[in-house]
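Visitor: Listed below, chain by chain, are the residues.
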Amino acid sequence: MNVQLWGTRGSLAAAGADTVEFGGDTASVEVRGSGGEAIVLDAGSGVRPLGDKLVGEHRIDILLTHLHMDHIQGLGFFTPIFNPDIETHIWGPASDGMDLTAHLGSYLSPPLFPVRLRDLPNTEIHDLKPGSFTIGNVSIDTDLICHPGLTLGYRLTDGDATLAYLPDHEPALGVESFPGDPDWTSGFGLIKDASVLIHDAQYTDDEYPSRVGWGHSTFQHTVDLAAMAGVGTLVTFHHDPSHSDEMLNEIHQQLAAQDLPFRLVPGRTGVALEV
Amino acid sequence: MAQQPIELVLLKQWATYITIPMWIMDETGNLVFYNDPAESIIGERFDVVGEINADDLADRFITRGLDGEPMENKTLPIVIALTEGHPSHAQLQLRGLDGSWREIEVAAIPIAGQGGRNLGAFAMFWEMPNE
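As given, the protein sequences belong to chains X and S, one line each in that order. So in my numbering the end of the first sequence lands on 275, straight run, no missing numbers. So in my numbering the end of the second sequence lands on 1131, straight run, no missing numbers.
Bound conformation, chain X alone:
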């Protein structure tokens, strides 16, 4: 699999001179399977420029982790979704009380958006529950993880390559000492032994105490989780909109000094990885 980051910011897009290096667009990741599968993880504002690259595809699969705005706000600006020659599939969490179509339709409809979801020419919506499914050569495991609202994490496997994607995740919530027992750690089953883990790293240790329960991790939580799970590479993700390039670079330098048991890749927009 080949992976490219198109949006790594969390919560709110943050354009400006201070965020040029890590990028200001919100969550969106391109995954290209060994069979040419075009898979998009989340549709934050980063999916808009990605759409320009994918206009020649026949089929695109968009996997949504959850429906917070920073993960879906780019959908209406994703050019391929308006092209009847491109088959787009949107996969995401559905609650027992309301399916994914109804949830997305509440955003993609007036007065919040001028185009209705039902008017998209060639789009199919798939409700996801914890379990497994395949897209071409890529097998995908999904499970509910700790984040406010119904939120899925994904584990994509293509041959020997495994990519785990948990962009919004607070596994340390309510835990006396983190990391603890893997069997009782949110998301562990998705992350274990992954070749590459893309994971929430929104807060510093100083910021976290006043944001407990908001659904995100500190850099240290993420590093500790990745070490416990034995991942090969950790990509930090979902950067807080208030974190400047200078601050993020300094934090990553401090993390790298810890002699980590995996490769640490700062989640900058544009980063490309071969998994």
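Just so you know, nobody snuck in bad clues.
The list that follows gives simulated cross-link-like pairs (lysine to aspartate or glutamate, EDC-like), each with its CA atoms no further than 20 Å apart: (1) K192/X / D141/X; (2) K129/X / D96/X; (3) K129/X / E1027/S; (4) K192/X / E274/X; (5) K129/X / E1007/S; (6) K1074/S / D1056/S.
Label pairs and their computed distance ranges (CB to CB): (7) W1126/S / D18/X: 50 to 60 Å; (8) D96/X / T1019/S: 25 to 35 Å; (9) D119/X / G1115/S: 22 to 32 Å.
Honestly, the hints are just simulated from the structure, not real lab data. C-beta atoms are modelled at their ideal positions from N, C-alpha and C, and glycine is treated no differently.
Given chain X's structure and the hints, the job is docking chain S onto it.
Guide: Just chain S, lined up with the frame of chain X:
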């Protein structure tokens, strides 16, 4: 997925904070956790006991009605919640792991997850005051 479902993970975390004795069983009836307040009624620390397989529970914990008559397992609130999928309540006597008998009141609730998943059941219980 070699990990407990998130619903059980969060329930266990909650259980560690509340002061009401609580015990959690997974979907196959294994006892997977009880909290600190439950330890004085169960008669042993969870850290010592650990998880208990469903097949061993009936041998480890003996129950009877307040009248002293033996109770069938299928009439226990936690078993009803687990197997029938609805809340259940009872007053009963429990012989803890320390060999002591205690009169307790139990309320058990099934854990129904998204997508109709039966994830187990939990019970909250109280030691009844001596009269």
